[in-house]
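Peer 1: Okay, here's what each chain looks like letter by letter:
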Amino acid sequence: MYGKPNPSDKASDAPTPSVVGGVIAEFDSDVALVAAARSVKEAGYRTFDCFSPYPIHGIDPAMGVRPTILPWLVLGAGFVGCVVAMALQWYANAFAYPLIVSGKPFFSVPANIPVAFELIVLFAAFTAFLGALALNDLPRFFCQFWSAKKVDFGRSTTDGFFLTVDADNGGFQVDQARQTLLESGAATVDVYFRPPPPPAIPSTLVWGGVIVALLALVPPLLTAKMQFRNKAHPYVHWVLDMDFQPKYEPQAYSPYFIDGQTSRPRPEGVVYRTRERSQGGYAATEMFAGYAPDPNAAPLGGGGILRDEQGLPITEETVAARHYLEGLILAKNDAGLPKRDDAGRLEWIPASSYPIAITDEAMARGQQRFEIYCSACHGLSGDGKGPITLRALELKAPLWSMRAVNDTYVSDQAAGQIFATITHGVVRGGMQIMPGYASQIAPEDRWKIILYLRALQRSQNATLDDVPPERRSVLK
Amino acid sequence: MASVAICPDDPAYDDVTRRPPLVLGGQTLRSITDKVCSIAETPHTPLGWYIGFGVASTFTGILGACILYLFVTGVGVWGNNHPVYWGWPIVNFVFWVGIGHAGTLISAILFLLRQQWRTSINRFAEAMTIFAVVCAGLFPGIHIGRVWVVYWLAPVPNYLAMWPNFRSPLLWDVFAISTYASVSLLFWYLGMVPDLATLRDRAKSPLRKIVYGGAALGWTGSAREWHRYERAYLLLAALATPLVLSVHSVVSFDFAVSQLPGWHTTVFPPYFVAGAIFSGFAMVLTLLVPARAIFKLENLVTIRHLDNMNKILLATSLMVGFAYVTEVFISWYSAAPYEQAAFINRYFGNYWWATWLMVTCNVIIPQTMWFRWARTTPWFMLIVAVCVNIGMWFERFVIIVTSVTRDFLPSSWQNFYPTVIDYLMLAGSFGLFFTLFLLFVRLLPIIAMAEVKAVAAHQAAHGTHDTDAGAADGRPNPTIDQPHVRQAEPI
Amino acid sequence: MAEHADKSIPFPIRLKPGPLIPAALVCGGAAALVLAAVLAAATQGGMKYFLHSYLLNFCFFLSISLGAIFFVAVTYACAAGWCATVRRIAEIMATGSAAMAVLSLPIIIAVFAGDILYPWRGPGLFEAPAGDTILAAKLPYLNAPFFVARLAVYFAVWIGVSFYYYRQSVAQDETGNPDYTRRMQRISPIALILFAFTTAFAAFDLLMSLDPHWFSTMFGVYYFSGAVVGFLAAHCLALVLLRRRDDVAEAVSLEHLHELSKLMFAFVVFWGYIAFSQYMLIWYGNIPEETIWYQARQEGGWLGVSVLLLAAHLIVPFLGLMSRNVKRNAALVAAWCVWLLAAHWLDMYYLVMPTLKGAGPAPGVLDLLCLLGIGGVYLGGVALLAGENSLVAIHDPRTAESLAFHTH
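Line by line, the protein sequences are chains U, D and F. The letter at position 236 of the first sequence is residue 235 when you use numbering that gives the first Met the number 0, and the numbering goes up by one with no holes. The letter at position 335 of the second sequence is residue 334 when you use numbering that gives the first Met the number 0, and the numbering goes up by one with no holes. The letter at position 179 of the third sequence is residue 178 when you use numbering that gives the first Met the number 0, and the numbering goes up by one with no holes.
Derived from the structure by calculation, the hints contain no laboratory data. Just so you know, not all the hints are guaranteed correct.
Some chain D residues well away from chain U (every beta-carbon gap over 10 Å; in silico) [claimed, not checked]:
{"#": "1", "residue": "14"}
{"#": "2", "residue": "68"}
{"#": "3", "residue": "154"}
{"#": "4", "residue": "189"}
{"#": "5", "residue": "196"}
{"#": "6", "residue": "197"}
{"#": "7", "residue": "234"}
{"#": "8", "residue": "249"}
{"#": "9", "residue": "337"}
{"#": "10", "residue": "372"}
{"#": "11", "residue": "410"}
Among chain F residues calculated to face chain D with C-beta under 10 Å, some are [as the list claims (entries may be wrong)]:
{"#": "12", "residue": "26"}
{"#": "13", "residue": "27"}
{"#": "14", "residue": "29"}
{"#": "15", "residue": "31"}
{"#": "16", "residue": "43"}
{"#": "17", "residue": "305"}
{"#": "18", "residue": "406"}
Pair ranges (Cβ atoms, derived) [as the list claims (entries may be wrong)]:
{"#": "19", "chain 1": "F", "residue 1": "297", "chain 2": "U", "residue 2": "217", "range": "50 to 56 Å"}
{"#": "20", "chain 1": "U", "residue 1": "60", "chain 2": "D", "residue 2": "146", "range": "54 to 60 Å"}
{"#": "21", "chain 1": "U", "residue 1": "75", "chain 2": "D", "residue 2": "258", "range": "36 to 42 Å"}
{"#": "22", "chain 1": "D", "residue 1": "42", "chain 2": "U", "residue 2": "245", "range": "27 to 33 Å"}
{"#": "23", "chain 1": "F", "residue 1": "13", "chain 2": "U", "residue 2": "34", "range": "40 to 46 Å"}
{"#": "24", "chain 1": "F", "residue 1": "314", "chain 2": "U", "residue 2": "100", "range": "22 to 28 Å"}
{"#": "25", "chain 1": "F", "residue 1": "114", "chain 2": "D", "residue 2": "146", "range": "30 to 36 Å"}
{"#": "26", "chain 1": "U", "residue 1": "90", "chain 2": "F", "residue 2": "314", "range": "43 to 49 Å"}
{"#": "27", "chain 1": "D", "residue 1": "113", "chain 2": "U", "residue 2": "217", "range": "33 to 39 Å"}
{"#": "28", "chain 1": "U", "residue 1": "108", "chain 2": "D", "residue 2": "369", "range": "56 to 62 Å"}
Glycine included, C-beta positions come from ideal geometry on N, C-alpha and C.
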């Protein structure tokens, strides 16, 4: 590399390189440089260049510098940026993982424009910068003009003006070029030399570099492969992020218990909490929890102890509890006794009666609860035209259909069946098409809703006679 | 003759028949180079620099400690709490990003408008942009909670098979700020390459030669290089101009896309951009006025430069004031009770003091810039600039906090209380900014020498347009000599 | 190289239209308007359509004068030298605001007559429409007398500012005293402040209140951005046409056209930015009170107009005006100016006409007559005001700089 000739270096006096690169001239001012450039161009030289500490106005036409293609590159890059941005946003939010964000379309053009604009600018700007560097052949780590001793080329970036004529020009003669430059007004003219060719990179180094580069690709590719496995846990935990939690998991060993199990059996006397304490709440839980109820309780059936599948006696409390909590009662045969099938199993069927007091307050409560929980989908009159259903149908959401509850399909069902529907929802074809409301509506309220529902159903086929006289005037 | 029309008291200061000289004191190309390079080249760093650097890096250290504390403990160390979940971090972010915009305005927009006076200040301003964007980008980066999964913000495939939400303005911010940082960096660096080459060629020590030489990429100043450089500079300026508009508009979208009264208002994008330029110019002045005095740059950054900057300051102050008036008027005009309540709360509610501080600092105090004396007196403009910085910080604070502390649901109403970490991080961010800035001042060319030289040469060549009311002797104004070349001495 | 000292304009460049042409334009325009009114009165709902069409054309030509005021004030504020030779045309166009003041009479009459134009007009002068609580709350602002008073103030400001600049500039033609320029520069920031507030509020009054329940803080800026585009297009077109005269062609070069085209390009992008911001924020917030304005412009056949506006006002001119070669070709510049004027008219159409509920976009004879009518009176007024004055400022201190100007 040619740097500034070191004054103390005696060896620089020896003329080691012998290939002449061209002629370099120094000028007094930018005006002189422009004039000289014009005359050099007119003299027929093609490969020549001018150097100045700032861009000189008017030097491009004087030198015959053609406009650069950089603007076209930048324009093209801008288009590419726009396409990339739109494609990225479409792919990410509309195709690969469609994301519903406040009801906006998956591919929302207004929302996609800011990012598209930014990427247009980003791509264009990088192209402008890198393009300018590339077209200028930068970075460059050698400069042959330093080899001219009579001119201080370093001044080209401070206050010097230089013109170089390269030996590559057809018919180049050092003396002729020197003469042309002096006639154009050069203050000083000198010759510069080509740098010696750089030594070739040893092949071992090249192959070594290739091998290292290939090896370096292995870890990221391996990681990428691991990250896309179908297994639940990736091999490599780059970020721990709650992956290994200091908690005890079921089936794991626990040092705190003699039996070593983390999962503990239920202790004696544990009672589940339910919301309802009345009407056999405790008895029902005891039964379902698998505890033996009071063996001295009066059995049903008028003789003999009525037992269920588990061998536990079924008492009035249990039947009442099951009626209240599940809407099921024991099927009775013609004699009024609980029916048993061939295998001796009891049959529980949906109840038609209500385990609650049927009062005006109950009806009013049922109406209130219906309007809170049910009318959103099923409509205020139970005709199925609730706002959620209507909107879902508008959006063509899958698995939605309008379900009226005031029609015969529902009114033909026993109250207990409706109770089961409210509690567990509706599953059809393996999909839950109506959620269960057990966690939101207490059993007492569920019965009251059914009470009100019956009133709604009756209202669909009512005649004027069904309306009490004092209320008929409202209809007008 | 050279001092004609530079002194504001001189009646010829207002002379509309001639273009004022922008480079004063009979500068030659060499003197310009020496003046600017001497700051970076001097082997004896001034004591003041060490003191400033010491203070600034102390604050940077405080910032670093706070960030560490934040990562280890969590976002609860801040005052962010119900209902102001987005507190000082976002205020600081918008504040710093806004400041950055002035640099791009000076570099890019004034370049496109052919305002030659920008050449003395654009390097300074672009550097300020970079450092402001660094400070700005810090806050969103650290406020996300689980910083170790920040890469989820990038649209790269991950094992969750999830992608970022492109409908969120917060993600637009990620793209906008990254683009802005990159493009500003490119613009700054491209502009600096010729000046780095100057430093390379003047460098004495091998270390400096290697470092400046590497950074200068082998630039020689050939006419062809200059041609492509100028095209690239023009293209970058043309790209940076809409970019700067878009970046702060995207930042404003963070708020304006919501439905909150006081946030959801359509004028936010240009209002924020005007405010950003406003605060940025104030910060440039805050940095430039002392630097000019300390480094004796009065001939390159003349009083007229400061005068022009203060005029822009005044103009943007009026734009911000116009936006305030429009917002208040439309909130009344809307007859929407929530809109009206939001603005009554803003001006007369719990944070009335912040709002009126904002109005005073942003609209009232800059009105002093109508007066020539104010525009051309450095110590006074420094005070005004600092006030504007304070006012603009409070503007973001007012917008964010007043709207959120009194939103639709009265049960959510609660005041906002910043914590010590909030204060320390704000101060620390200034420390980071000044640390980077002092490093820039010490190591890099702080004025765009090549551009100033071009202006000086143009000034020498074209005179100052003495026409009908021209100079008595008809000579062009010799405010710059043609460079004299010594005969090359034998080495 | 004090080359600039040599360049100057020796003689004033006078258009000398004579008394006939302006009078013909004004009378022809007025006749077209009268014809339109008669046609409108003959049809059902025609008067309402006519008034809306009148308003849209009124706002179109007004925006050209407003853009001119902005251009003149801003170039003086920046002490710009390149535009010295083209600024006189802009000053003349700015004074066209006086013609617009006269043309505002039908609007004033309509406002006093009833709610035929503005729905916020209630049964009485100080009454809001029945049952509308929102408009009742807006009554202190949206009432006919205050509306007209404000309009008077706006015109007073615009006429005052534009005539001040015109008179000072014309006076400077005589003596070349730089004090005129100094005064015009000093007054320009104040002119800009007045301009900003009056334009924004005029947009609120004339255009935004057509849908009185709707509001947008950006609306003033939106109208402003369109106005600058419209003005620059009209200005460039006028310059290209005037350059057929040799004396104008010597004063106004391709460099000036290039520079003005660059500004046109920039403001086309600016308009797009403002329009997009307003749209996107309202779309994103999805608040029915705000989206209803855009919904009216997306249903009933208006979606096509919206898309056409986006394409014609932003996308196509953006791509077309990008090239340096286009900007330096006078014929192409003139073509783009006509395009942008049409696009700006479409913008006004898009702002005003959808308030006629129920009707889709159906531009017809009435629109054409209103365009020609208002345009005729406007151009006649401008020509009258141009009078015997020079079309190019000959003794502006910066004339030499402007004549020697070349852009990047």
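Peer 1: Please go over all the hints and tell whether each is borne out by the structure.
Peer 2: Comparing the hints with the structure gives:
1. 14: Check passes; 25 Å lies beyond 10 Å.
2. 68: Its Cβ never comes within 10 Å of chain U, the nearest being 20 Å, so this holds.
3. 154: At about 6 Å from chain U, residue 154 of chain D fails to clear the 10 Å cut-off, so the statement is violated.
4. 189: 6 Å, violated
5. 196: At roughly 5 Å from the nearest Cβ of chain U, residue 196 of chain D sits no farther out than 10 Å, so the non-interface label is violated.
6. 197: Since the minimum Cβ distance to chain U is about 4 Å, residue 197 of chain D lies within 10 Å and the statement is violated.
7. 234: Nearest chain U Cβ is 4 Å from residue 234 of chain D, so the label is violated.
8. 249: 5 Å, violated
9. 337: Non-interface label stands for residue 337 of chain D: nearest chain U Cβ at 19 Å, farther than 10 Å.
10. 372: 35 Å, holds
11. 410: For residue 410 of chain D, whose nearest Cβ neighbour in chain U is about 21 Å away, the distance exceeds 10 Å, so it holds.
12. 26: 40 Å, violated
13. 27: 40 Å, violated
14. 29: 35 Å, violated
15. 31: The hint is violated - residue 31 of chain F has no Cβ within 10 Å of chain D, the shortest such distance being about 35 Å.
16. 43: 33 Å, violated
17. 305: 17 Å, violated
18. 406: 8 Å, holds
19. F:297 with U:217: 50 to 56 Å: 55 Å, holds
20. U:60 with D:146: 54 to 60 Å: 56 Å, holds
21. U:75 with D:258: 36 to 42 Å: 41 Å, holds
22. D:42 with U:245: 27 to 33 Å: For residue 42 of chain D and residue 245 of chain U the Cβ distance comes to about 58 Å; the hint is violated.
23. F:13 with U:34: 40 to 46 Å: 43 Å, holds
24. F:314 with U:100: 22 to 28 Å: This hint holds: roughly 27 Å between Cβ atoms.
25. F:114 with D:146: 30 to 36 Å: For residue 146 of chain D against residue 114 of chain F, whose Cβ atoms are near 59 Å apart, the range 30 to 36 Å is violated.
26. U:90 with F:314: 43 to 49 Å: 24 Å, violated
27. D:113 with U:217: 33 to 39 Å: Cβ of residue 113 of chain D to Cβ of residue 217 of chain U: about 55 Å, so the range 33 to 39 Å is violated.
28. U:108 with D:369: 56 to 62 Å: 45 Å, violated
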